[in-house]
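Visitor: With the hints as your guide, set chains B and C onto chain A.
Quick note, the sequences are listed as chains A, B and C, same order. According to the working numbering, the first sequence is numbered sequentially starting from 26. According to the working numbering, the second sequence is numbered sequentially starting from 144. According to the working numbering, the third sequence is numbered sequentially starting from 3.
By construction, these hints were calculated from the structure, which means they are not laboratory data. A couple of the hints might just be wrong.
So the derived label-pair ranges between C-beta atoms look like this [to be verified]:
id : chain 1 : residue 1 : chain 2 : residue 2 : range
1  : B       : GLY304    : C       : ARG123    : 35 to 43 angstroms
2  : B       : ASP282    : A       : THR182    : 52 to 60 angstroms
3  : A       : LEU49     : B       : ARG448    : 50 to 58 angstroms
4  : C       : THR63     : A       : VAL45     : 29 to 37 angstroms
5  : C       : GLU139    : B       : PRO227    : 19 to 27 angstroms
6  : A       : VAL45     : C       : ALA269    : 52 to 60 angstroms
7  : B       : LEU438    : A       : VAL45     : 42 to 50 angstroms
8  : A       : VAL45     : C       : ALA374    : 39 to 47 angstroms
Quick reminder that beta carbons are idealized off the backbone N, C-alpha and C, glycines included.
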Amino acid sequence: MKPPSRDWPALLLRHEMLLVYVLLAEWLFFYFAGTTTNRRGVLIGFGTLDRQFDILRHSCEIGLLALALTPVILTGGIDLSVGSILGFCAIFLGLLWRDCGLPLPLAAACTLAMGVVAGGLNAVLIAALRLPPLIVTLGTYSLFRGLAEAITRGAITYTDFPAGFLFLGQERWLGLPAQAWLFALVALVVWLLVHRTTFGRSFRVIGFSPEGARYAGLPVERRLALGYLLAGGIAALAAIIYTARLGQAKADAGLGYELFAITAVVLGGTSIFGGTGTVHGTLLGVATIAVLKNGLACLPLVMRLNAAEELAGLLTGALLLLALAAGVLPRIRPFRRASRRPVDSTHPPAVPP
Amino acid sequence: MSRYAREISVAGAFALLLAVLAVFAPGFYQPQPLLSLATREAPTLLVACGMALVIISRQIDISVGSQFSVCGVCVGLLAGMQWPVIALLPAAVGLGALLGAVNGLLIAGLGLPSIVVTLAMMVTLRQGLNLVRQGKFVDLPEGFQWFGLPQATGQWLLVLGALAVVLGFAVALRYLAAGRFVYAIGSDAEAARLAGIRPRLGTFWVLIGLGALTGLAALMNVVQSPQVQPLAGSGLELKVIAAVVVGGVAISGGRGNLGGVLAGVLLLATISPALTHLRVEAYWEKAIQGAIVLLAVLAESARRRWAPR
Amino acid sequence: MPSPLLELRAIAKSFGGARALRGVDFDLAAGEVHALVGENGAGKSTLVRIIAGAHAPDGGTVAIAGRAVGKFDPAAAHALGIACIYQQPALFPDLTVAENLGLRLESGSPWQRVDWAGRRRRAGEWLARIGARLDPEREIRTLSMPEQQLVEIACAVGAGARVVIMDEPTASLTRQEQDLLYGVVRDLRRQGIGVIYISHRLEEVLALADRVTVLRDGESVGTFRAGAISEPELIRLMVGREMDLIPSGGQPSAGAVLLSLRNLGCAASGVHEVSLEVRRGEILGLAGLVGAGRTELARIVFGLTPATAGEIVFDGERLRLRSPAEAIARGIAYVPEDRRRHGVVLEMPVEENITLALHRRLFPGSWLRRGAERSLALEYLRDLAVKCPGPAAPAGSLSGGNQQKISLARWLATRPRLLILDEPTQGVDVGAKRELHRLIRRLAAEGLAVLLISSDLPEVIGLCDRIGVMRGGTLAAVLPGKSDPHDVMAVALGQAKGAAA
Chain A
26 MKPPSRDWPA LLLRHEMLLV YVLLAEWLFF YFAGTTTNRR GVLIGFGTLD
76 RQFDILRHSC EIGLLALALT PVILTGGIDL SVGSILGFCA IFLGLLWRDC
126 GLPLPLAAAC TLAMGVVAGG LNAVLIAALR LPPLIVTLGT YSLFRGLAEA
176 ITRGAITYTD FPAGFLFLGQ ERWLGLPAQA WLFALVALVV WLLVHRTTFG
226 RSFRVIGFSP EGARYAGLPV ERRLALGYLL AGGIAALAAI IYTARLGQAK
276 ADAGLGYELF AITAVVLGGT SIFGGTGTVH GTLLGVATIA VLKNGLACLP
326 LVMRLNAAEE LAGLLTGALL LLALAAGVLP RIRPFRRASR RPVDSTHPPA
376 VPP
Chain B
144 MSRYAREISV AGAFALLLAV LAVFAPGFYQ PQPLLSLATR EAPTLLVACG
194 MALVIISRQI DISVGSQFSV CGVCVGLLAG MQWPVIALLP AAVGLGALLG
244 AVNGLLIAGL GLPSIVVTLA MMVTLRQGLN LVRQGKFVDL PEGFQWFGLP
294 QATGQWLLVL GALAVVLGFA VALRYLAAGR FVYAIGSDAE AARLAGIRPR
344 LGTFWVLIGL GALTGLAALM NVVQSPQVQP LAGSGLELKV IAAVVVGGVA
394 ISGGRGNLGG VLAGVLLLAT ISPALTHLRV EAYWEKAIQG AIVLLAVLAE
444 SARRRWAPR
Chain C
3 MPSPLLELRA IAKSFGGARA LRGVDFDLAA GEVHALVGEN GAGKSTLVRI
53 IAGAHAPDGG TVAIAGRAVG KFDPAAAHAL GIACIYQQPA LFPDLTVAEN
103 LGLRLESGSP WQRVDWAGRR RRAGEWLARI GARLDPEREI RTLSMPEQQL
153 VEIACAVGAG ARVVIMDEPT ASLTRQEQDL LYGVVRDLRR QGIGVIYISH
203 RLEEVLALAD RVTVLRDGES VGTFRAGAIS EPELIRLMVG REMDLIPSGG
253 QPSAGAVLLS LRNLGCAASG VHEVSLEVRR GEILGLAGLV GAGRTELARI
303 VFGLTPATAG EIVFDGERLR LRSPAEAIAR GIAYVPEDRR RHGVVLEMPV
353 EENITLALHR RLFPGSWLRR GAERSLALEY LRDLAVKCPG PAAPAGSLSG
403 GNQQKISLAR WLATRPRLLI LDEPTQGVDV GAKRELHRLI RRLAAEGLAV
453 LLISSDLPEV IGLCDRIGVM RGGTLAAVLP GKSDPHDVMA VALGQAKGAA
503 A
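Bound-form chain A, shown alone:
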């Protein structure tokens, strides 16, 4: 069986190419099934520019979370708390702005810092104390969401943000939705980090072999910590954009986003066991899910049933299972025995004796 490597670009690219085909097919399907003309002969539905921009807007937050998760999953870990960090940071932003009276730019900067601190909790527990990422992030998933609920007493909503801020989430800049530029910037930074720097390479090595990384002199704990800190910071950015888009911050911000983010990452070809994966794959995965979510909402049948969100969730879950099953069958790890522990059996990265 030919192993994947850069000498056989066809094989590696093949996964992303498959995804491109799926994306195209999806897009075309929704274009034809979801676009009609109204009485005045104007195009409405999926095929309109407005709708496409909507898709772009909606995919920014999940896309950011997926970008945040990619380095973490590359190291063989996982972070279930990114959605909760988003919610917590959204509330934090509202708190700083409305209750503490900070000017928005400063509040936003502090929110970004808080995101990094939240990620820092994961980093300390997972990288420094070597606790299993699964259960730690399951705990912080609950903790941060709980903090958001506690601060808002479940009822408070922060609204009335200034127009300048809402511009970020609702208006266009240079022809595209404003947040798309920010997303593109982050995507570029993460792509460069993973594919063009030694940090990215370290992530992969740690994912393939944490002991091997240590023997090569790589600072394993520092790199792991970086992954979780970055994830927290990006989640905070997603919180800011989310708030700007919706014009309000509630405790349930980002609830359930982690599933979509993880699905995008796995769909994009990143192995849940770590080591293999690409950022462009993640982006394709995000696009696939975003088109699915929004395209469904344009189908007349779905509109009549008012079932867009449910169907999207259902299909996304099924898509994730399919992607996993498809990933397992070709045995992405041809060189190691199958006794490598998957991330879910909650083992900390192997500690060298």
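Guide: Just chains B and C, lined up with the frame of chain A:
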């Protein structure tokens, strides 16, 4: 250090909480509210029992909340079709077992990682349910609540029933060879294979068991109110995992017992009303749950690091 | 004469290109202790793994109680009554001794009742039968390795094994524990069980065994009655007279002292009071048996494990290493023994493996420079004559010898001043071995200080300027370069030097 140090300390923490309540909020100790509390938490105990088995075998299942909701709604619908209770019991258990079997096929059969599989199942089931039901409640027929028995009787029936089931599982885990296999699989799957145990088959059955218990728990929950809420299972997985981890079941598998799980469930169940009585706002519950999980994992890690060698 | 319990004829086995066994005959009678001795890599482990069914031989026959074995399968071997006590016991760490024995030995349906009292009693009986004083209620996790071994032996006895194989059972036991084990072995013999006993402790072997077979380079050099042979004779047979001709270039005079260890020790790993010096341009060999502490010492010098006693002085500077990165920054490199787990990352391309320790130097500012990486990789691939499809091929697709070269290339690329090699030619074919030897010579000639850990006596004696011999976690002696291999072996085994006359 005693082998049961962890379970004893949980029981101790529970006792401490009870003592604090006795001093600062004696209003907590009233028979009827306590019985109601126990009844409300009986389903949680059942699911925690199943979850403990899954975690001992070194897997995890975060789709139990959605399984719970689906089973609850189905039971409610069947009750509405005038199915007798005798038939509802196997129906609920069977449906839960079926859902557990799906997980089992994917995780044990295909070898897919359980966290991601159950994450996908969680959303698929929940959204599927919403799709079909649109969030509508299911109205239960007259006289269905508490199986048609007076409330207090019904409550005692549920509480004792749940305890009996857990006791049965506890006995099986201790005295049945198959129960010990669960520990073996979780402790070292390879050694288990060499000893003639089949780890994948064991994992499969354990996941089915959790599903069956979830179905039963859903039935127990349904008979407590005149309507079935489709959102009833939301957050259940976190609550149950927290209780199990607090109760001394190690995430790395191979150790833990249902006595500790009972103590964990009791402890977590008491926290919410305790907060109320101690005049702490209920909104802190989720945060406290998360903090408890983190503390429990830290404690487990500390125990391993400084355990006698 | 009843047919022997176990009979092996003309056993041959190769792994990849390397021949582990060539035409070995071996037999075992019931109620006999038959010892197997030989250097590391002589083929002992391979032979017993064939007996235990883990490998199938390429040639030859195996017969148990007169019946030929057709299927080589651990379960089949177990069913035929063969039990192997490995160094790494396959026990359940979280469960008790009694439960471990119960799970391994009880048969029947999963739905039967567990009789805890019975389990405890039977475990106690089996442990008593072998004279082990262990509490059946203890968790395996809390037992030491030797204690776990005793549990394994009790398991074998309980399973009614007819052949028990023990691989270096006394390697890390106290005097008391050793005596206990000898008693166990004698008990087994009394019960008519055949014991295959692998050990390096020749004195113990001669005292315990009925017969001894010596293996050397995959061949059986002879089988002797224990009373009819002496230790020095055994050593001579183990080591042999022929030596691989290692190209001997001129001996460059060694330069200044680069590495100086003074009473170095690490409590956790058993290394204690190691004092030695390595000079620039010198190849210092580190010989010793498996478990003598050589790799552990290397790990301390490389910063993988912290020293708890003594000091490391490198180029005149006292070092307190907290991580390999610090060691690498000083110019220390360590090519590890476990190639597949620590030496290379199998899934990554060759060129990325080669530059893995070079990130700080080759990629300033943390930006990857693919061009520089590729040309560096090509340079080393050429220099070391690595046979691979290309620099982008995953390291796992290369043969063992070439993987070793990649592992070496990674560390050579860091331009170290001290190079520690841990079993560099293990599992490498003869041709690659010679190339590596030439390379090591060349490196030393260029001024590198080399610490060569090796179990290959001819290699150590041929290459090294001096030979340190470790035993039991400390340095037993430092012998001069062209020492008699018997002397080296004797020191490694704990014999007085010169007794091998």
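Visitor: Now look at each hint and say whether the structure bears it out.
Guide: Status of the hints after comparison with the structure:
1. Distance hint check for B/GLY304 and C/ARG123: the Cβ-Cβ separation is about 37 angstroms, which falls inside the suggested range of 35 to 43 angstroms.
2. Distance hint check for B/ASP282 and A/THR182: the Cβ-Cβ separation is about 32 angstroms, which falls outside the suggested range of 52 to 60 angstroms.
3. The hinted window of 50 to 58 angstroms between A/LEU49 and B/ARG448 holds, with their beta carbons roughly 53 angstroms apart.
4. At about 58 angstroms, the beta-carbon gap between C/THR63 and A/VAL45 misses the expected band of 29 to 37 angstroms.
5. Separation of C/GLU139 from B/PRO227 is about 49 angstroms and departs from the stated range, judged on CB atoms against 19 to 27 angstroms.
6. Evaluation of the 52 to 60 angstroms hint for A/VAL45 and C/ALA269 yields a pass: the beta carbon distance comes to about 58 angstroms.
7. At roughly 46 angstroms, the beta-carbon separation of B/LEU438 and A/VAL45 lies within the given 42 to 50 angstroms, and the hint holds.
8. Between A/VAL45 and C/ALA374 the CB atoms are about 32 angstroms apart, so this pair departs from the stated range of 39 to 47 angstroms.
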